[in-house]
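So the chains spell out like this:
2 protein chains.
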Amino acid sequence: ETKEAQGSTNPMGPDGPQSRNSVVICQTVGRSIFTSSVSSAAGRVGFLLQKDEGKEASCPVLFIQLNELFSTPDGLQWKQTARWIKFEEKVEDGGERWSKPHITTLSLHSLFELRTCIKKGTVLLDLDAHSLKQIVGRWIMWEGHLPGLKKLTSVLLRTPQHHTTKSQLRIVAELGALKNQFQKKIPAEAEVSNILVGEVDFLEKPFIAFIRLQEAVGLGALTEVAFPSRFLFILLGPRAKVKAYHEIGRAVATVLTDELFQRVACQAQDREDLIAGIDEFLDELTVLPPGKWDPTIRIPPPKCLPSPHKRYQRGKTQQLSGALLLKSRAGHTHGHQPVSEELQRTGRLFGGLVKDIRRKVPWYWSDFYEALNIQCFSATLYIYLATVTNAITFGGMLGDATDNMQGVLESFLGTAVAGAVFCLFAGQPLTILSSTGPVLVFERLLFSFSKDYSLDYLEFRLWIGLWVAFFGLILVATEASYLVQYFTRFTEEGFCALISFIFIYDAVKKMLSLADNFPVNWDYKINDVTLYGCICNSSGTGRSRLPPVGRVPASPFAWAAAANWSLLTRTECLRVGGHLVGNSCNYMPDITFMAFILFLGTFLCSMTLKSFKTSRYFPTALRKLVSDFSIILAILIFCGIDAILGLETPKLIVPSEFKPTNSQRGWVVFPFGVNPWWVCLVSTVPAVLVIILIFMDQQITAVILNRKEYRLQKGAGFHLDLFCVSLLMILTSVTGLPWYVSATVISLAHMDSLKKESTTSAPGDQPKFLGIREQRLTGLVVFILTGVSVFLAPVLKYIPMPVLYGVFLYMGVAALNSIQLMDRIQLLLMPAKHQPDFMYLRHVPLRRVHLFTLIQVLCLAALWILKSTVAAIIFPVMLLALVGIRKAMECIFSQQDLSWLDDIMPEKDRKEEEEKLRSSQEKEESDSEDVSRAGKSCLPQMSLH
Amino acid sequence: ETKEAQGSTNPMGPDGPQSRNSVVICQTVGRSIFTSSVSSAAGRVGFLLQKDEGKEASCPVLFIQLNELFSTPDGLQWKQTARWIKFEEKVEDGGERWSKPHITTLSLHSLFELRTCIKKGTVLLDLDAHSLKQIVGRWIMWEGHLPGLKKLTSVLLRTPQHHTTKSQLRIVAELGALKNQFQKKIPAEAEVSNILVGEVDFLEKPFIAFIRLQEAVGLGALTEVAFPSRFLFILLGPRAKVKAYHEIGRAVATVLTDELFQRVACQAQDREDLIAGIDEFLDELTVLPPGKWDPTIRIPPPKCLPSPHKRYQRGKTQQLSGALLLKSRAGHTHGHQPVSEELQRTGRLFGGLVKDIRRKVPWYWSDFYEALNIQCFSATLYIYLATVTNAITFGGMLGDATDNMQGVLESFLGTAVAGAVFCLFAGQPLTILSSTGPVLVFERLLFSFSKDYSLDYLEFRLWIGLWVAFFGLILVATEASYLVQYFTRFTEEGFCALISFIFIYDAVKKMLSLADNFPVNWDYKINDVTLYGCICNSSGTGRSRLPPVGRVPASPFAWAAAANWSLLTRTECLRVGGHLVGNSCNYMPDITFMAFILFLGTFLCSMTLKSFKTSRYFPTALRKLVSDFSIILAILIFCGIDAILGLETPKLIVPSEFKPTNSQRGWVVFPFGVNPWWVCLVSTVPAVLVIILIFMDQQITAVILNRKEYRLQKGAGFHLDLFCVSLLMILTSVTGLPWYVSATVISLAHMDSLKKESTTSAPGDQPKFLGIREQRLTGLVVFILTGVSVFLAPVLKYIPMPVLYGVFLYMGVAALNSIQLMDRIQLLLMPAKHQPDFMYLRHVPLRRVHLFTLIQVLCLAALWILKSTVAAIIFPVMLLALVGIRKAMECIFSQQDLSWLDDIMPEKDRKEEEEKLRSSQEKEESDSEDVSRAGKSCLPQMSLH
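These protein sequence lines map, in sequence, to chains Z and Y.
Just so you know, the first sequence maps onto residues 1 to 945 in UniProt numbering.
Just so you know, the second sequence maps onto residues 1 to 945 in UniProt numbering.
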């Protein structure tokens, strides 16, 4: 049964090896500039892989273990010295520590040695044996009666000493969790490959065996983990050059970690197949020149790896014709940037909406039961705090802007109602609705316009809201969301940067206004302490019920009254109509400094705790926990500091009664009554502006959230989302609550906190991003909690405002840092030689990159200025103009440059495909480029929070 | 003349190639486990290198340029696509940008292709030609009359387009500085190697030539830089697989960057020599397995490279016998940790001192004229500020401790005099003298002891000082500095950590006492502003000249007087004997908060600016400038902020008059008069303690400063330094100034600011550390300036104390971060898999590392507690005990472990050598390990500031 390859020729016809003594140099230059034919090694491998075509999954994950023979006082002993799943882990000197997983670096020499080993040694394929004893027995039988073989058997059958069984403490830990923890990393269907190498005195020449068992067999104590073994490599020989055997052992292990070679090894019929596999492996090696690299450096695994699929493809296409190859490539390239199914037009009225509903309905119940995970609990808490912070701050600012016609209570209420409704019915329930910067800007303008022309603000706003809802429904009916394809990275980033700046600007502005409210006496002199004071004085207008002081009182009664005046507190004094006189009345000691300490402290603390995830301290789980809850922790820490110090810093004012903030309004706005009748028609003009704003704001966020890289399974719902937002516009306009659209920053944070990652990944391998927990429950609970928070006043009132501003600053800065624009702005300050190795820098001249950045910055500056001046009302139109500017940039930049710096506009798709096809050969070289083009790294970056 | 290798066999006797068709696999496994003989390739290379023995410098640095043929609308054009000196720089897509220097990663395939090229192509060695035309002409003549060769000539003679000549802007820049700047990086005697590869339509097979010119010839426009060319590699052929030619071109270039191959190429007699060189190169390659590494990743050059010398050695020792080899290795190892010449005992009285003086005298004048460099100016400024800061703070603390018997003025004066004298006469003039923490601790104890026993502090101290000086001279006479060899890293780090902690502790303590001096009214209520106040009140004890208030005054006169009272300021009030009454008298608004903002701001700002050096922004020179002046900048920034805000923060008080701070003392202390006569004898007891302290403090700093890795040329002067310190003890004791010893932190900062680094280094290569500007002038000027600073009061009085405390905190933290102990403490908090790849972790079990750390931390804790309790007086002895503890640790730890975690104690030298010898084979593998054992990286780390 056992196929034994020693001495067998087994020619494969015209594809077979040209000569028994053919050597690397001849085989590996098969695809050389000197010959055009496919080499024999490549041919063999291609043939093997083709056979294997249907059963790609037939090769299980291999756990590879290297055991070496050491001479100890107790005689020869086997010890595990390294292991591989994907990367190498070495047992460090002292034998008590695994090295960090690293890429195996070999000397080419050891690979050549390995090749010779396979060539000269025994190769036993599909050996039928069920224990180590049987295996060794059959091998030794095969070798014949040579001296030393008996001893060899006894050496091989010694129980090996595993790395982990050394110290007593370890054994205990082993029995518990540690071992299982490592075993958990290996998929259940994995197999072990055992490599046994060592030097012995009694042999005169090396004995080598490469064994493939017919059936994988558990070899007990031989392996560290309890998985069956299929491959064994044994090399025992006389004393040799230091580490020669060790290096060959590492070489076998490395070759066996290769996906391509694994399949060759599984399929191999004879020795030549294995050698062909090694030759293919050799041919694909990356080499580092000697003297320019220190081989003792351990290279950490890279974040992105070339997909093995590409390499299979290459192996297979050896046999395909050129034309076929080109076609398959074209197909591959074409699949790259298709118009997503969600955005294809049906051409029917509300066709998109119907399709969205049809797509989402089947998932509806899973949207609830899939939320039953502890991760969702943490996400809910986190997003709740962010939402409440947002509601408070935007509520405060809206209150400022509209004279409390919309205040904090309205903000809480509106957020809760609109958010919960959206989470229940929207197409993309991961979206978090919120007041947003652009809408705030518009409300401010609207209020001052109403005041200037003596219009009733809420009534005017109601009509605008109704028109906006109407336009929104028209956009839904006409499937206008199709247009979001024109929102490229350029537009998204412009918008995102603008919002981030609004966050940062508002946080700082609020802090400065706080410093105005609590003025510091900068000229305070310690020496003049006796001259400072503030006393309550009757205003002298006759309104006061107490006699005036300042003159010598005429009677004892008046004296007493004067004494009473001085005992009044500030509020009492003002209430009784007195006024405050003195050079310390207007100053508030310490509050401003304390506020700035809290503000900067919260910001820096959030930043630090967030980045704690990537630090080296403490176990990963703890770090992740701290990082996920960084903002909450920062808030708690600085609330605690504030409470302990006990200064009267300005605290969050949460409405404790359920009534509109401004007493002049009710809970329902009536459409007619105060304003002239024609206002309902005139409202169309601002409504057009608002719908542009809402559409942009809503859809840009939707595009960002539904990016391919997040691997959402349940599909998007652009039309349905806009439909929901439009209907909510009616509700919020009628009740006089703020308007809501999707908030990019919080929504991304929401998705980030719901990321699923693989747990079983080889040591050193990056955890695989598996997708997002797509469900409606977290959002729903967040908004219910927000609603309930109206009654949380007793707790929330301990939060100092500066802490919240600090959080806002953090959110703005984090959002800014996540966009590529900031990377490119930073490039402006870096000398070329220090710039990081961004993919686009390899392909686009620096001048063009800078030009692109400058145009973007100019657009942003224009938007910002516009937002701050009287022309602010046409601000939404200008946002739309970004799309036009981006289009116009196609005249300045080549499609090639834009494809690296930005996405490609849709109608160019075909043309671009052709161009891509033409340059596909060049592009082909790197798989990872596409990935790094899409995001900053392999894993989607959502680290806004 | 020209040796042409094509077709020639040229056998080399027994060492010659075994067969013309011998192939890689046979040759490279020459030192295989299967055969014991030296391979033919290794033999050939060894033979060539041996010939080359005497003239190691005969191979100039090679600048390698790769030109490729591109088809443009104007026809075929040559363009430069990459260049190498040591690492690869690629012209990026778009042709306007050089990539960052990176390690060339090749596919093994392309190296095999190259080997075939050399095998099949034309090899012209020592061609006698003086222009490109001649070269091409002779080559084409050699090839014979084949089709296409005429066209080939014309293609080859086209003027190439250099990367840099593309844009108009570039040309201008080129003419100016840019080009020269790159050329400056190449040593003047460099030579160019030109590699020309390309595809043409008119050829049917590849034409390949490897040409070595007899004499290096300038080839004009062909090369980017104006250096003569010696090697040319030309490869032109029909269309081939994408990038095949490009990859072969890169392979040639990479092989040519190899120091070993360069020498082979210079010496090669025929084709086989070159092939042997390539085979040797192949054999030493480091390979990365396919699929585990993304070949598009550009690997930045590592900080440390294995020395090429080792590789030569290996090449040579191929031919040496094993015994010889072992001997040479032993010698190499032995040279590693010798007793330095400065510390060898002469056995004569003052022998060491005499030797020190003899060693230093010849350098004396150079110690002044070598200071004429702009770097010294910057160093002077920097160290001046550090010294003044130190003088102020230690002065202040000494003043606290000794009731101003030694105050800030004494500190300035003493620092200036002692420092200047030391810089003029010491053995190691880079040392900066300063008050140090341990001495401060001792002075505090001494003062309170004197007070308790009613002794005159200064007189007592004089006697101690005299005895200390006497003991110091005895130590000098007996060459006791020999003992510093027992100060291993363990002792040094314990001492350094202790001093750092004192810095940090004092900074924080001072800040807290500041908060006590400027109390914040934590219970301040905005509402109660009218109830706060502080009024001046006559104390009512009869001392006052003004009538009491509080009762109704009896007469108009009394009223006026009462009004006057209320107009008095705090100082006036207290002067006239009034006292302050009121609930705001004891509070100082804002100052404490402002102080903490300044304190933390200065600290964080120093940290940030210091680390700015390693950021990517702005040119290196600017970053270095900012980083070097980080502390000064931080001080200026926060002094500016303080000045702008104008709050009355506590400022630095600099004496404006030249007289002792305490009026009870004069400038000279007399030995007798106040204390009983026997005090002069009793003083010997504390003097023994002080001399231990001084000896430890002085010599540990000296050991650190004179470490091998700083490559000091002028030698150390342990005996001379101690001699100077002892004499200065007499001076400072008599004048009642503080005692001074070497200060580690500032001295290291001094050396760091005087570091010389090479400017001509290949792109990507780390600048080489060349040594320190060893001179006396910077120190001297620093101390003269310190002396002059006594008169700088008008400027210095603007510096707020919190800023200075911030600097102190920074100095303490920076010093702590620089010691290995902190790394190891951090390890305690890290899970094993996240721990950095420290060399000692690879060799010492983690448990042992932790044990070592814990012992060290316990020692530190013991020292700290001792320092703070009544037993503090024996603190110096405990410091000495560190040496004993270290010695005792040899019972717990193996020599092997200690050699990784600490230095080895001297008398074990021999034993350890033997052990090293035994394990030398294992150690041999990494050259860099020794380096990383010595410091944290290749360059000596002195980044304390």
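Accuracy of the hints is not assured; some may be wrong.
Unchecked claim - Straight-line Cα separation of at most 25 angstroms, BS3-like style, residue types lysine-lysine; simulated pairs:
hint : chain 1 : residue 1 : chain 2 : residue 2
1    : Y       : Lys451    : Z       : Lys184
2    : Y       : Lys525    : Y       : Lys708
3    : Z       : Lys833    : Y       : Lys708
4    : Z       : Lys768    : Y       : Lys833
5    : Z       : Lys833    : Y       : Lys624
6    : Z       : Lys833    : Y       : Lys133
7    : Z       : Lys303    : Y       : Lys303
8    : Z       : Lys303    : Y       : Lys708
9    : Y       : Lys79     : Z       : Lys86
10   : Z       : Lys79     : Y       : Lys833
11   : Y       : Lys205    : Y       : Lys150
12   : Z       : Lys133    : Z       : Lys120
13   : Y       : Lys833    : Z       : Lys833
14   : Y       : Lys651    : Z       : Lys525
15   : Z       : Lys360    : Z       : Lys79
16   : Z       : Lys768    : Z       : Lys86
17   : Y       : Lys756    : Z       : Lys624
18   : Z       : Lys755    : Y       : Lys613
19   : Z       : Lys79     : Z       : Lys243
20   : Z       : Lys833    : Y       : Lys651
21   : Z       : Lys755    : Z       : Lys797
22   : Y       : Lys887    : Y       : Lys833
23   : Y       : Lys303    : Y       : Lys887
24   : Y       : Lys525    : Z       : Lys651
25   : Z       : Lys833    : Y       : Lys756
26   : Y       : Lys151    : Y       : Lys243
27   : Z       : Lys833    : Y       : Lys755
28   : Z       : Lys525    : Y       : Lys525
29   : Y       : Lys355    : Z       : Lys797
30   : Y       : Lys79     : Y       : Lys51
31   : Z       : Lys151    : Z       : Lys241
32   : Y       : Lys833    : Z       : Lys756
33   : Z       : Lys833    : Y       : Lys205
34   : Z       : Lys833    : Y       : Lys887
Said to hold, decoys possible - Here are some chain Y residues pointing at chain Z (derived, C-beta under 10 angstroms):
hint : residue
35   : Arg97
36   : Gly577
37   : Gln766
38   : Pro767
39   : Phe769
40   : Gly771
Since the hints were made in silico from the structure, they are not lab data.
Beta carbons are placed, not taken as given, at the ideal position from N, Cα and C, and that holds for glycine.
Going down the list of hints, with the structure as the test:
The straight-line distance between the Cα atoms of Lys451 of chain Y and Lys184 of chain Z is roughly 70 angstroms, outside the 25 angstroms bound, and the hint therefore fails. About 63 angstroms separates the Cα atoms of Lys525 of chain Y and Lys708 of chain Y, which puts this hinted pair outside 25 angstroms; it is violated. A C-alpha spacing of about 33 angstroms is found between Lys833 of chain Z and Lys708 of chain Y, which places the hinted pair above 25 angstroms, so the restraint is violated. Of the pairs offered as hints, the one joining Lys768 of chain Z and Lys833 of chain Y holds, with about 19 angstroms between alpha carbons and a cut-off of 25 angstroms not exceeded.
Pair hint Lys833 of chain Z plus Lys624 of chain Y holds up; C-alpha atoms about 16 angstroms apart against a cutoff of 25 angstroms. For the suggested pair Lys833 of chain Z and Lys133 of chain Y, the alpha carbons sit about 36 angstroms apart, so the restraint of at most 25 angstroms is broken. For a cut-off of 25 angstroms, the pair hint linking Lys303 of chain Z to Lys303 of chain Y stands: about 22 angstroms separates their Cα positions. A threshold of 25 angstroms between alpha carbons decides the hint, and for Lys303 of chain Z with Lys708 of chain Y the separation of about 39 angstroms lies outside it, so the pair is violated.
Among the hinted pairs, Lys79 of chain Y with Lys86 of chain Z is inconsistent with the structure: their alpha-carbon atoms are about 41 angstroms apart, more than 25 angstroms. The suggested pairing of Lys79 of chain Z with Lys833 of chain Y holds, with an alpha-carbon distance near 21 angstroms, which does not exceed 25 angstroms. Our distance criterion of 25 angstroms between C-alpha atoms is met by Lys205 of chain Y and Lys150 of chain Y, whose separation comes to about 15 angstroms. Under the criterion of a C-alpha separation no larger than 25 angstroms, the hint pairing Lys133 of chain Z with Lys120 of chain Z is consistent with the structure, at around 24 angstroms.
For the hint linking Lys833 of chain Y to Lys833 of chain Z, the alpha-carbon distance of about 33 angstroms lies beyond 25 angstroms, and the restraint is violated. Distance hint between Lys651 of chain Y and Lys525 of chain Z is fulfilled; the C-alpha atoms sit about 14 angstroms from each other, no more than 25 angstroms. Taken as a hint, the Lys360 of chain Z and Lys79 of chain Z pair is broken in the structure, with Cα atoms around 57 angstroms apart against an allowance of 25 angstroms. Simply put, Lys768 of chain Z and Lys86 of chain Z have alpha-carbon atoms about 14 angstroms apart, close enough for the 25 angstroms limit, and the pair holds.
Under the criterion of a C-alpha separation no larger than 25 angstroms, the hint pairing Lys756 of chain Y with Lys624 of chain Z is inconsistent with the structure, at around 44 angstroms. For the given pair, Lys755 of chain Z sits about 37 angstroms from Lys613 of chain Y by alpha-carbon distance, which is inconsistent with the 25 angstroms threshold. At most 25 angstroms may separate the alpha-carbon atoms for a hinted pair to count; Lys79 of chain Z and Lys243 of chain Z meet this at roughly 15 angstroms. About 44 angstroms separates the Cα atoms of Lys833 of chain Z and Lys651 of chain Y, which puts this hinted pair outside 25 angstroms; it is violated.
Between Lys755 of chain Z and Lys797 of chain Z, the direct Cα distance comes to roughly 33 angstroms. Violation of the 25 angstroms bound is thereby established for this hinted pair. A hinted pair counts as satisfied when its Cα atoms are at most 25 angstroms apart, and Lys887 of chain Y with Lys833 of chain Y does not qualify at roughly 32 angstroms. Straight-line distance between C-alpha atoms of Lys303 of chain Y and Lys887 of chain Y comes to about 34 angstroms, which puts the hinted pair past the 25 angstroms bound. Among the hinted pairs, Lys525 of chain Y with Lys651 of chain Z is consistent with the structure: their alpha-carbon atoms are about 14 angstroms apart, no more than 25 angstroms.
Under the criterion of a C-alpha separation no larger than 25 angstroms, the hint pairing Lys833 of chain Z with Lys756 of chain Y is consistent with the structure, at around 23 angstroms. Simply put, Lys151 of chain Y and Lys243 of chain Y have alpha-carbon atoms about 22 angstroms apart, close enough for the 25 angstroms limit, and the pair holds. Straight-line distance between C-alpha atoms of Lys833 of chain Z and Lys755 of chain Y comes to about 24 angstroms, which keeps the hinted pair within the 25 angstroms bound. Note on Lys525 of chain Z and Lys525 of chain Y: the hinted pairing holds, with a Cα-Cα distance of about 21 angstroms set against a maximum of 25 angstroms.
A distance of roughly 76 angstroms separates the Cα atoms of Lys355 of chain Y and Lys797 of chain Z; the hinted pair therefore is violated under the 25 angstroms criterion. For the given pair, Lys79 of chain Y sits about 38 angstroms from Lys51 of chain Y by alpha-carbon distance, which is inconsistent with the 25 angstroms threshold. Of the pairs offered as hints, the one joining Lys151 of chain Z and Lys241 of chain Z holds, with about 22 angstroms between alpha carbons and a cut-off of 25 angstroms not exceeded. Restraint check: the Cα-Cα separation between Lys833 of chain Y and Lys756 of chain Z comes to about 23 angstroms, which is no more than 25 angstroms; the hinted pair holds.
Among the hinted pairs, Lys833 of chain Z with Lys205 of chain Y is inconsistent with the structure: their alpha-carbon atoms are about 40 angstroms apart, more than 25 angstroms. Distance restraint check for Lys833 of chain Z and Lys887 of chain Y: the Cα-Cα separation of roughly 50 angstroms exceeds the 25 angstroms cut-off, and the hinted pair is therefore not satisfied. Because the beta carbon of Arg97 of chain Y sits about 5 angstroms from the nearest beta carbon in chain Z, less than 10 angstroms, this interface hint is met. With a least beta-carbon distance of about 14 angstroms to chain Z, the hint placing Gly577 of chain Y at the interface is violated under the 10 angstroms criterion.
Because the beta carbon of Gln766 of chain Y sits about 12 angstroms from the nearest beta carbon in chain Z, more than 10 angstroms, this interface hint is broken. The closest approach between the C-beta of Pro767 of chain Y and any C-beta of chain Z is roughly 14 angstroms, which is over the 10 angstroms cut-off, so the hint fails. Checking Phe769 of chain Y against chain Z: minimum C-beta separation of about 18 angstroms lies over 10 angstroms; hint violated. A hinted interface residue such as Gly771 of chain Y counts as satisfied when its beta carbon comes closer than 10 angstroms to some beta carbon of chain Z; here the least separation is about 24 angstroms, so the hint is violated.
Consistency with the previously given hints fails for numbers 1, 2, 3, 6, 8, 9, 13, 15, 17, 18, 20, 21, 22, 23, 29, 30, 33, 34, 36, 37, 38, 39, 40, ordered from lowest to highest.
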